[in-house]
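*Asks:* Protein chains in written order, with our numbering: chain L, 447 to 612; chain P, 584 to 816; chain B, 290 to 680.
If you are wondering where the hints come from, they were derived from the structure by calculation, not from laboratory data.
All values derive from a computational prediction rather than experimental measurement.
It is possible that part of the hints are untrue.
Derived, one-sided and incomplete: chain P residues facing chain B with beta-carbon distance under 8 angstroms [unchecked claim]:
no., residue
1, L585
2, G592
3, L593
4, N599
5, S603
Cβ atoms here follow ideal geometry from the backbone N, Cα and C, with glycine treated the same way.
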Amino acid sequence: MSAVFWILAALTVLGGLAAVTLKNTVHCALAVTVAFAGLALLYLQLDAQFAGFAQILVYIGAVAILVVFAILLTRGSETPKQGIFSRSWFTGMTIAAGVFAVLGWAVIQSSQVLPDETVAPSVTVNQIGNALLGRYVLPLEIVALLLTAALVGAVIVAMHEKGESK
Amino acid sequence: MLGEGILKGLAETAKNFAGSFVSKERLTTVEYPEERIAPVEAARVFPFLIYDGSDWEKGMRCVACQICEKECPPKCIYIEKSKDKKPDFVGKPQIYPAKFDIDISVCMSCQICVEVCPFEAIKMDNEFELATDDRFGGLLLDRKQLAKPNEYYHKIHPTEAAAVDAKLAEEKAKAEAKAKADAAAKAKTAADAAAKAASAPKTPEGGTGTPTSEATKPPEPAAKSTPKTEGGD
Amino acid sequence: MVGTLDQIFVLLKHWIVGLLPPVLQPVVGVLLSVVAIIATFPALFALTTVIERKGLGRIQNRIGPNRTGPLGILQPVADGIKSLTKEDIVPLNADAAVHFLAPLVLVVAVFLEFAVLPMGRNMVLVDMDAGLLFFFAIGASTELSIFMAGWSSRNKYSLLGAMRAVAQMISYEVPLLISSVAVVMITGSLSLVKIVDAQNQYTWGLPHWYIFTPWGCAAFVMYAVAATAETNRSPFDLPEGESELVAGYFTEYSGFKFALFFLGEYLGMFAISGLGTALFLGGWSAPFSFLQFVPSWIWFFGKVMLSICVMIWVRGTLPRMRQDQLMNFAWKFVIPFTLLNLVNVVVWRFMGEGWARWIVCSAIVVVAYVAMARIGMRSKKIAPRSYRYAE
Numbered sequence: 447m448s449a450v451f452w453i454l455a456a457l458t459v460l461g462g463l464a465a466v467t468l469k470n471t472v473h474c475a476l477a478v479t480v481a482f483a484g485l486a487l488l489y490l491q492l493d494a495q496f497a498g499f500a501q502i503l504v505y506i507g508a509v510a511i512l513v514v515f516a517i518l519l520t521r522g523s524e525t526p527k528q529g530i531f532s533r534s535w536f537t538g539m540t541i542a543a544g545v546f547a548v549l550g551w552a553v554i555q556s557s558q559v560l561p562d563e564t565v566a567p568s569v570t571v572n573q574i575g576n577a578l579l580g581r582y583v584l585p586l587e588i589v590a591l592l593l594t595a596a597l598v599g600a601v602i603v604a605m606h607e608k609g610e611s612k
Numbered sequence: 584m585l586g587e588g589i590l591k592g593l594a595e596t597a598k599n600f601a602g603s604f605v606s607k608e609r610l611t612t613v614e615y616p617e618e619r620i621a622p623v624e625a626a627r628v629f630p631f632l633i634y635d636g637s638d639w640e641k642g643m644r645c646v647a648c649q650i651c652e653k654e655c656p657p658k659c660i661y662i663e664k665s666k667d668k669k670p671d672f673v674g675k676p677q678i679y680p681a682k683f684d685i686d687i688s689v690c691m692s693c694q695i696c697v698e699v700c701p702f703e704a705i706k707m708d709n710e711f712e713l714a715t716d717d718r719f720g721g722l723l724l725d726r727k728q729l730a731k732p733n734e735y736y737h738k739i740h741p742t743e744a745a746a747v748d749a750k751l752a753e754e755k756a757k758a759e760a761k762a763k764a765d766a767a768a769k770a771k772t773a774a775d776a777a778a779k780a781a782s783a784p785k786t787p788e789g790g791t792g793t794p795t796s797e798a799t800k801p802p803e804p805a806a807k808s809t810p811k812t813e814g815g816d
Numbered sequence: 290m291v292g293t294l295d296q297i298f299v300l301l302k303h304w305i306v307g308l309l310p311p312v313l314q315p316v317v318g319v320l321l322s323v324v325a326i327i328a329t330f331p332a333l334f335a336l337t338t339v340i341e342r343k344g345l346g347r348i349q350n351r352i353g354p355n356r357t358g359p360l361g362i363l364q365p366v367a368d369g370i371k372s373l374t375k376e377d378i379v380p381l382n383a384d385a386a387v388h389f390l391a392p393l394v395l396v397v398a399v400f401l402e403f404a405v406l407p408m409g410r411n412m413v414l415v416d417m418d419a420g421l422l423f424f425f426a427i428g429a430s431t432e433l434s435i436f437m438a439g440w441s442s443r444n445k446y447s448l449l450g451a452m453r454a455v456a457q458m459i460s461y462e463v464p465l466l467i468s469s470v471a472v473v474m475i476t477g478s479l480s481l482v483k484i485v486d487a488q489n490q491y492t493w494g495l496p497h498w499y500i501f502t503p504w505g506c507a508a509f510v511m512y513a514v515a516a517t518a519e520t521n522r523s524p525f526d527l528p529e530g531e532s533e534l535v536a537g538y539f540t541e542y543s544g545f546k547f548a549l550f551f552l553g554e555y556l557g558m559f560a561i562s563g564l565g566t567a568l569f570l571g572g573w574s575a576p577f578s579f580l581q582f583v584p585s586w587i588w589f590f591g592k593v594m595l596s597i598c599v600m601i602w603v604r605g606t607l608p609r610m611r612q613d614q615l616m617n618f619a620w621k622f623v624i625p626f627t628l629l630n631l632v633n634v635v636v637w638r639f640m641g642e643g644w645a646r647w648i649v650c651s652a653i654v655v656v657a658y659v660a661m662a663r664i665g666m667r668s669k670k671i672a673p674r675s676y677r678y679a680e
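Turn these sequences into a full structure, and let the hints steer you where they fit.
*Replies:* And the structure:
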């Protein structure tokens, strides 16, 4: 629980808070990107190099851009006229608090099982590669198939729209 | 489609790069204003007035006939005739332009004024570095700024100037010959009148016979010279 | 043959750090290296702007800048003074916060990329296990700053330029990564220091650079194409095309922010050239074994400047590609070719040492290239032009 951890945690939480409270949608997307960056730095602080850099590469380099493009292309860049709180905000807050309580209880319970100051195992890219292609090859192939299906589906949907618009 | 076009293009630019250090053909830049390109002979910018001799007021060929002012399409020439006459280059009293202004912000270098001038008085200059920061007065050239000597005209347009000089000399010779013929004809009629006057009172003098024989002589060379000049035209 | 001149910067740093108490030593050590990088690369950027303008001028039959200082050497000083003293105009409707942050994000991301490049023997800022992945991760963040710049200007044309730029950068990131993966497969490590060390061996005086292998040559060509597209250089500079979109996504920037964008773009060029040098051209290793007395950092910077000069040469030669031509080229030619190259690498690795694998791998590369080129040409139906006149 060093100072670095608190700073990074504050950054991530602030990013998340900004993402739900800002009025301008693109600002929200950029705040969520800050939250992603905070997460990546937390991974790096735990010496998980591959996970941290993959988080930056995938989330900031691809997902954030995707979110921003989606906002842009669907008229979301205009500032909303109504307030940021929807009508059923109380229900939403209760459910979020409940989920947070469950997750917090799970984390605290698990930290009582593990000893306090374990040194994190240093996982090299080599080991990750070996695990992915050795023990976890079936999930890898299924994920690849899923991604291919998504890609082909996206292309078909886009082409269909073009065909219909003609 | 195998990409050899790209390689050929790269070779060409490499040749340009290397060649620009050695050959003038591959580096055609002229570093103005330290170096200048010599203007072509037929280059023209704005008009100027020619004067013969060394005095620009006396030698100016312009006689303020105002033909160029009327023919100028954007009407950029402003002429005011003088009230008196001044002797010109050859000493003959001439009307001269008291004011001759050309507005070079309007002039479009069409050369019509040059084409219609009957006196070869206005020609095209090729000086273009006329920028000034006086927006209205600085671009209105008066006759002192416009007057340039015939030697200058020879320098900038040698072939044109030679042709103009030849034409002027020819006209001058024609005029002189005509004047001589007129003078001879006048002398002949004067001699005839004198002969009639002499033959009427019947006072023959040997001297009068010779004047008549002398009077008959000049008309013949004059008669001979006029067909010559007419054949020369 | 580790001479003193070779290690002069390392020795200098050790000496300075040795003068300080042990508490401060790690921080000052890192700070010194960071300061060295921040000082060197912008100086190289200044030199490159002059070289580019004069080089392009000579290619185009004219002299480049020659009034500021002898041979125009002080031109970047003049440019710096100009951009510092220009009025900083922010459009009224622009998003002020994002408009301000976009050039900062770009410059920070690009400076971070230099942290993993090995610039000489023992001269890398951070020797990370996943150094290559770090480089590409940070490179992906630059796209975000371009989008921020285009969107915050509230200008339709800037936004258009930004979208085009992001689409282009995303499309060309895939071949960039896959051609680098070919090198990683052979070396067995993502660390750039290990990749350069693997290329630092000599056989009969010739080095083991990866560009001298058939798969390495193909991968290098694809990497060069992808790198030129990633940094928005000609012929892929449609997003900042001067004749189409004024200045594309940085139209609304003036003064120092424009200079920061310019700096970021050129530093991105240096970083990607540095990575290409480390991956394919052997990083800091000398071309022949008898030339190893020349310091290693001279070889690294020499190779990077050579790559920059080739980029400038290509800029002066090729016309700009249209957006659809760009994207077609990326997805229909470059990506399939790089994927085939991966198979090529596997064949190379498992055929074992000898001359046989050279022939087989070269054959694969040549046949694949010609086949894809012919197929591409056929689908375009390139035929003699036919004319139809107005009645």
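*Asks:* Quick one: which hint numbers does this structure break? Sort them smallest to largest.
*Replies:* Violated hints: none; all satisfied.
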